[in-house]
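Number of protein chains: 2
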Amino acid sequence: MFYPKPIAKLIDSFSMLPGIGKRTAARMAFHVLRMKDEDVRAFSEALIECKTNLQTCSVCCNFTDTNPCLICSDQSRDPSMICVIQEPKDLIAMERTKEYRGMYHVLHGAISPMDGVGPEQVRIKELLPRLSDERVKELILATNTNLEGEATAMYIARLVKPFGIRVTRIAHGVPVGGELEQADEVTLSRALEGRNDI
Amino acid sequence: MFYPKPIAKLIDSFSMLPGIGKRTAARMAFHVLRMKDEDVRAFSEALIECKTNLQTCSVCCNFTDTNPCLICSDQSRDPSMICVIQEPKDLIAMERTKEYRGMYHVLHGAISPMDGVGPEQVRIKELLPRLSDERVKELILATNTNLEGEATAMYIARLVKPFGIRVTRIAHGVPVGGELEQADEVTLSRALEGRNDI
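Same order as they appear, the protein sequences are chains A and B.
When the letters of the first sequence are read in order and numbered with the working numbering, they come out as residues 184 to 381.
When the letters of the second sequence are read in order and numbered with the working numbering, they come out as residues 184 to 381.
Simulated from the structure, these hints should not be mistaken for lab results.
Bear in mind the structure is a predicted one, so any value in this text is a computation, not a measurement.
We put the CB at the ideal spot given by N, CA and C, even for glycine.
Some clues are possibly wrong.
[To be verified] Capping the alpha-carbon separation at 20 Å, the derived lysine to aspartate or glutamate pairs in DMTMM-like fashion look like this:
(1) K205(B) with D222(A)
(2) K219(B) with E232(A)
(3) K308(B) with E321(B)
[Unchecked claim] Residues on chain A that point at chain B, a partial pick, calculated with CB under 8 Å:
(4) L193
(5) S196
(6) L200
(7) P201
(8) F213
(9) V215
(10) D220
(11) A225
(12) S227
(13) E232
(14) C233
(15) T247
If we strip away everything but chain A, and leave its shape as in the complex, we get (with noise of 0.2 Å):
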């Protein structure tokens, strides 16, 4: 309406990302016009390059720019152990531990009835054949923790129990610096449930 075409356009493209409305989206176009040269010239060819050069490993699904990932690609990684995550931003959270040294496989999803997402919208077939691969020991379900997480992790532990390995299910609790009081009763009662001796 009052704004130039083109600050328009930037707008309504910032608009698109998530938890972006209308008013922040004008501030940060604003931002953009004070930005030096180089720098938009950056963030335009991130843009395209994120989805012309990325790729989905062959190997865990992650994306990646070489194929395999780094990561299926990095020798000194355990390879007994394959933890399955549903996005890609789950890996970079289980990473920033550096507590696990193991494989991943990426679903992109879960598996969601209501939303019409079945096991075959999500690269589940795609981990089957890596359980062949003997030097693998442990399946490690870490899909989020809510209903389509937990019914994505129930699936896959069924589908996967003729291939005779350990399948485990990171552990629901209380979050660490959490107040009890703040849990809810399902969490506190896992926390319960899983209590170990100390």
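Add chain B to chain A, keeping to what the hints say.
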């Protein structure tokens, strides 16, 4: 670190936007990966276009893709008033009121000696020749109501005095729908000073 290079670059670009930290930037980058090719291309082009196809209007200094801008060349607008604002986005806010039908002048900043911004760093000198147009009867100073905005308004008011035109300042007061209790003392005393007969 764990991101493929194209994603890392895109995260860096998103992080340059105001109020966007690394984590939000990563969420945005992963969202881009799921966007339609054509939308990402449009986004990429909009960034470049904003830097190449936009100029500042030779009359009001607002960003525009035509010169003079749409408002300055709109014959239906009232040439007797010029509203001075700090930023292009302030123009959008003014237009949204649908009350104002006059012209604008965009300063692109406010005088702020603390930040090394003097009168020469904002578009004040571009304002003066406009005041020689005898159709101009009133200059409305709508800079922000903080220290820099007030200083800028005072500076312009003094500068414009010799032109003998009416100079006004937008009113200070309690925001509409705001509670008296929540207004700070300065705002409240300004609201008192500016009280009107009803």
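query = Is the interface hint for F213(A) satisfied, with its Cβ closer than 8 Å to some Cβ of chain B?
reply = Nearest chain B Cβ about 6 Å off; hint holds.
message = Can you verify the interface hint for C233(A): is its Cβ closer than 8 Å to any Cβ in chain B?
response = 5 Å, holds
key: E232(A) as an interface hint toward chain B, with CB separation required under 8 Å   = With a minimum Cβ separation of about 4 Å from chain B (threshold 8 Å), the hint on E232(A) holds.
ask   = Does L193(A) pass the interface hint, meaning its C-beta sits closer than 8 Å to a C-beta of chain B?
value = 4 Å, holds
ask   = With 8 Å as the cut and Cβ atoms as the points, is D220(A) at the interface with chain B?
value = 6 Å, holds
Straight-line alpha-carbon gap K308(B) to E321(B), limit 20 Å = Holds: K308(B) and E321(B) sit about 17 Å apart, inside 20 Å.
ask   = Taking 8 Å as the limit, does the beta-carbon of S227(A) come near enough to a beta-carbon in chain B?
value = With a minimum Cβ separation of about 4 Å from chain B (threshold 8 Å), the hint on S227(A) holds.
query = Per the CB criterion, is P201(A) less than 8 Å away from chain B?
reply = OK, holds: P201(A) within 8 Å of chain B, min 5 Å.
ask   = Does the structure keep K219(B) and E232(A) at a Cα separation of 20 Å or less?
value = 14 Å, holds
inquiry  = Restraint: A225(A) near chain B, CB-CB cut 8 Å. Satisfied or not?
reply    = Cβ of A225(A) sits 6 Å from chain B, so the hint holds.
Given hint D222(A) paired with K205(B) - CA-CA distance at most 20 Å = 17 Å, holds
task = Hold the hint about S196(A) up to the distance rule: shortest CB distance to chain B must be less than 8 Å.
result = Holds - the Cβ of S196(A) comes within 8 Å of chain B, reaching about 4 Å at its closest.
The structure agrees with every numbered hint stated previously.
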